[in-house]
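Take these sequences, add in the hints, and give me the full structure.
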Amino acid sequence: AQTVTQSQPEMSVQEAETVTLSCTYDTSESDYYLFWYKQPPSRQMILVIRQEAYKQQNATENRFSVNFQKAAKSFSLKISDSQLGDAAMYFCAYRTLYSGGSNYKLTFGKGTLLTVNP
Amino acid sequence: DSGVTQTPKHLITATGQRVTLRCSPRSGDLSVYWYQQSLDQGLQFLIQYYNGEERAKGNILERFSAQQFPDLHSELNLSSLELGDSALYFCASSYRTGAETQYFGPGTRLLVL
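Heads up: the sequence lines are chains U and H, in that order.
Add 4 to a position in the first sequence, counting from 1, and you land on the number used in our numbering.
Add 2 to a position in the second sequence, counting from 1, and you land on the number used in our numbering.
Take the hints with a grain of salt, since some may be wrong.
[Claimed, not checked] With a cut-off of at most 27 Å between alpha-carbon atoms, the simulated DSS-like pairs for lysine-lysine come out as follows: (1) U:77 x U:59; (2) H:59 x U:114; (3) U:114 x H:11; (4) U:74 x U:59; (5) H:59 x H:11; (6) U:82 x U:114.
[Claimed, not checked] Part of the chain H face toward chain U, derived, beta carbon under 8 Å: (7) 30; (8) 50; (9) 58; (10) 60; (11) 66; (12) 71; (13) 90; (14) 97; (15) 102; (16) 103; (17) 104; (18) 109.
The set of hints was computed from the structure by calculation and includes no laboratory data.
Every residue, glycine too, gets a C-beta built ideally from N, C-alpha and C.
As C-alpha cells, then:
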C-alpha cells in the first residue's frame with residue numbers, strides 16, 4: 005500500500021518570503037500522480053498543483069512550484085512571494101495512474117499547517 | 003467554487019441516530035468519491051462510485067453505506083452513529099473514474115453528541 009509522509013506538522017513564513025513544504029511517499033508503482041491540496045480555515049479542499057510521475061519537468065502554477073525527485077520519492081512544494089491568503093493546511097496526496105481494480109482513491113499525508121506572518 | 007455541492011453544511015445529532023449526507027458532482031462528472039477527515043485518522047477514502055455503480059471501497063464501516071443515483075448525485079448514509087463518527091465528510095468528483103484530478107465539495111461537518 006502507498007503511504008505519504010509530511011514530516012513538518014507546522015511551518016511559518018514571513019509575507020513575501022519563500023517557503024518549502026516537504027513530502028515523501030512510498031510506492032512500488034512507476035506511474036502515478038502527486039498532488040498538493042490546500043485547506044484554508046473554511047475547510048474547503050483546494051487543488052494547488054498536480055504532477056504526473058512520467059513527466060520529468062516540475063509542475064508550476066504561478067507562485068507555486070514543486071521539486072519532484074522520483075528516485076528519492078520526494079515531492080516538495082515551494083511557495084514564492086508568500087501572501088497572507090496562503091495561510092492554510094497543506095496536504096500532499098498520491099494517486100495511482102492505472103488501477104485494475106478501478107480504485108483511484110487519493111492517499112493523503114497528515115498535513116502541514118502553514119502560518120504567514122505579516 | 004469547485005462546482006461540487008454538499009448538503010447539509012453542518013449536522014448535529016445524537017448517538018444511535020442515522021443521517022444522510024448528499025453530494026452533487028460537477029456538471030458532467032460521472033465519478034464520485036467520499037472521504038472522511040477526522041483529527042485522529044486524518045483524511046481517509048471511504049467509497050467511490052462511477053455512473054451509478056460502486057467501484058471501490060476503502061475504510062468504510064459496515065454501518066455506513068452509499069449510493070449514486072441516475073442523476074449522478076450521491077448519498078452517504080451513516081447509521082447507529084457513535085461519538086467517533088464526528089468528522090468532516092467530503093465528496094469529490096471527477097469526469098472519468100481514472101481522471102487525474104478530483105474536485106472537492108465544501109464538506110459536511112458532522113457532530114455526534
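So, going through the hints one by one against the coordinates:
no., hint, verdict
1, U:77 x U:59, "holds (14 Å)"
2, H:59 x U:114, "holds (21 Å)"
3, U:114 x H:11, "holds (23 Å)"
4, U:74 x U:59, "holds (10 Å)"
5, H:59 x H:11, "holds (24 Å)"
6, U:82 x U:114, "holds (18 Å)"
7, 30, "violated (17 Å)"
8, 50, "holds (7 Å)"
9, 58, "holds (4 Å)"
10, 60, "holds (6 Å)"
11, 66, "violated (16 Å)"
12, 71, "violated (20 Å)"
13, 90, "holds (6 Å)"
14, 97, "violated (12 Å)"
15, 102, "holds (6 Å)"
16, 103, "holds (6 Å)"
17, 104, "holds (6 Å)"
18, 109, "holds (6 Å)"
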